[in-house]
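Asker: Given next are the chains, with one letter for each unit.
4 protein chains.
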Amino acid sequence: MAMAEVSIVPLGIGKTGVSEYVAGAIQELKKSGLKFQLTPMGTVIEGSLDELLAVIRRMHETPFQKGVKRVYTVIKLDDRRDKESTMESKVEAVEKKV
Amino acid sequence: MAMAEVSIVPLGIGKTGVSEYVAGAIQELKKSGLKFQLTPMGTVIEGSLDELLAVIRRMHETPFQKGVKRVYTVIKLDDRRDKESTMESKVEAVEKKV
Amino acid sequence: MAMAEVSIVPLGIGKTGVSEYVAGAIQELKKSGLKFQLTPMGTVIEGSLDELLAVIRRMHETPFQKGVKRVYTVIKLDDRRDKESTMESKVEAVEKKV
Amino acid sequence: MAMAEVSIVPLGIGKTGVSEYVAGAIQELKKSGLKFQLTPMGTVIEGSLDELLAVIRRMHETPFQKGVKRVYTVIKLDDRRDKESTMESKVEAVEKKV
Numbered sequence: 001m002a003m004a005e006v007s008i009v010p011l012g013i014g015k016t017g018v019s020e021y022v023a024g025a026i027q028e029l030k031k032s033g034l035k036f037q038l039t040p041m042g043t044v045i046e047g048s049l050d051e052l053l054a055v056i057r058r059m060h061e062t063p064f065q066k067g068v069k070r071v072y073t074v075i076k077l078d079d080r081r082d083k084e085s086t087m088e089s090k091v092e093a094v095e096k097k098v
Numbered sequence: 001m002a003m004a005e006v007s008i009v010p011l012g013i014g015k016t017g018v019s020e021y022v023a024g025a026i027q028e029l030k031k032s033g034l035k036f037q038l039t040p041m042g043t044v045i046e047g048s049l050d051e052l053l054a055v056i057r058r059m060h061e062t063p064f065q066k067g068v069k070r071v072y073t074v075i076k077l078d079d080r081r082d083k084e085s086t087m088e089s090k091v092e093a094v095e096k097k098v
Numbered sequence: 001m002a003m004a005e006v007s008i009v010p011l012g013i014g015k016t017g018v019s020e021y022v023a024g025a026i027q028e029l030k031k032s033g034l035k036f037q038l039t040p041m042g043t044v045i046e047g048s049l050d051e052l053l054a055v056i057r058r059m060h061e062t063p064f065q066k067g068v069k070r071v072y073t074v075i076k077l078d079d080r081r082d083k084e085s086t087m088e089s090k091v092e093a094v095e096k097k098v
Numbered sequence: 001m002a003m004a005e006v007s008i009v010p011l012g013i014g015k016t017g018v019s020e021y022v023a024g025a026i027q028e029l030k031k032s033g034l035k036f037q038l039t040p041m042g043t044v045i046e047g048s049l050d051e052l053l054a055v056i057r058r059m060h061e062t063p064f065q066k067g068v069k070r071v072y073t074v075i076k077l078d079d080r081r082d083k084e085s086t087m088e089s090k091v092e093a094v095e096k097k098v
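In order, the protein sequence lines correspond to chains A, B, C and D. Residue 1 is where the first sequence starts when you use this note's numbering, and the numbers rise one by one after that. Residue 1 is where the second sequence starts when you use this note's numbering, and the numbers rise one by one after that. Residue 1 is where the third sequence starts when you use this note's numbering, and the numbers rise one by one after that. Residue 1 is where the fourth sequence starts when you use this note's numbering, and the numbers rise one by one after that.
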């Protein structure tokens, strides 16, 4: 299991708000059944590396389906193989040390 | 008011876990009084652009104070000036469209 | 054709230098035949979106093959579908306006 | 000396091309006298951490001066304090191992 954060930014649309495009990407993500968390600056997803890249590929496609001509997507992958790491365990490990 | 996400990654430490270093950065952030949210892949902070860059500068310094020799920090800035945008309003705008 | 930038960061190794791991990822990239440019902060690659994600998947795997237990990878995708965009044309478009 | 990569993305403009805004940011960067390299996916800059954050702050401001209402900026900082590292030495260290 790995973790990814993805931020999908549609370019060349004549308005500053992008929430409808992010919502479209989340709808695609929901079909995958993968565990995710929506944050103010991106969406964090848990899964195998192959699952993560496949769903991000489909999420990235959704703004084009709504007519957008350019999409800028930022992805962070955190892939740790020495122990199980979840969205909750990562945050808890920090919080108990603060 | 703008928003930033920061991920501080200490390099050259001989272990895979980095939570103690993230916790040190969060302690520094707390001193600023800025509103923030810890996520599994970064910390989201709300403030003026100058406040954000100043606190990220100090957060980035904390692993060095613990003896780390190289720090890799990834920052995303989202700066919207046509309307007030908060961590809550950004997530809500997406959630109500999903 | 789209463009990606990838930065592969091995964690939990007891030294600050990471060039041998980046070199291993580049060797994997070279096998793909895709056009790429090595920069001081990442590697820029040109290809179809599927080609890009597939090769990044393999590049991300290379540090694990050398015994690394955690890899942090940052990817930016720039996917423009209204006109052909290359690594050269993007830089030239900026340079002639500076 | 540290190194930064910055990508400045103007949102809410009604066209896909952003090179004029990147060029404006580069003009601001040039005033600083800092060493930089323009790449297809961002601009790499060498300097002290304070110099880097100060110039990125000014670069981020330039699209607003042209009427843009939202700017999305992605920054990577690579700050290594055990040895001198330059844009050239980082690339060479990788190339000689490939």
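Careful, some of the hints might be misleading.
All copies of an identical chain are treated as equivalent in the list; a pair is satisfied when it fits inside any one copy or across any two copies.
[Stated by the list, open to error] DSSO-like cross-link-like pairs, simulated, lysine-lysine; straight-line CA separation at most 30 Å:
{"no.": "1", "residue 1": "Lys83", "residue 2": "Lys15"}
{"no.": "2", "residue 1": "Lys69", "residue 2": "Lys83"}
{"no.": "3", "residue 1": "Lys35", "residue 2": "Lys96"}
{"no.": "4", "residue 1": "Lys31", "residue 2": "Lys66"}
{"no.": "5", "residue 1": "Lys97", "residue 2": "Lys69"}
{"no.": "6", "residue 1": "Lys83", "residue 2": "Lys96"}
{"no.": "7", "residue 1": "Lys69", "residue 2": "Lys15"}
Hints are computed from structural coordinates only; laboratory data are not their basis.
Asker: Each hint needs a verdict: does it hold in this structure or not?
Answerer: Taking the hints in turn, this is what the structure says about them:
1. Lys83 x Lys15: Classified as between: cross-chain Cα gap 12 Å, same-chain 44 Å, threshold 30 Å.
2. Lys69 x Lys83: between (41 Å within a copy, 9 Å between copies)
3. Lys35 x Lys96: Both ways: Lys35 and Lys96 sit 23 Å apart in one copy and 19 Å across, limit 30 Å.
4. Lys31 x Lys66: within (18 Å within a copy, 35 Å between copies)
5. Lys97 x Lys69: Between. Shortest inter-copy distance 21 Å satisfies the 30 Å Cα cut-off; intra-copy 45 Å does not.
6. Lys83 x Lys96: Classified as within: same-chain Cα gap 18 Å, cross-chain 34 Å, threshold 30 Å.
7. Lys69 x Lys15: both (14 Å within a copy, 9 Å between copies)
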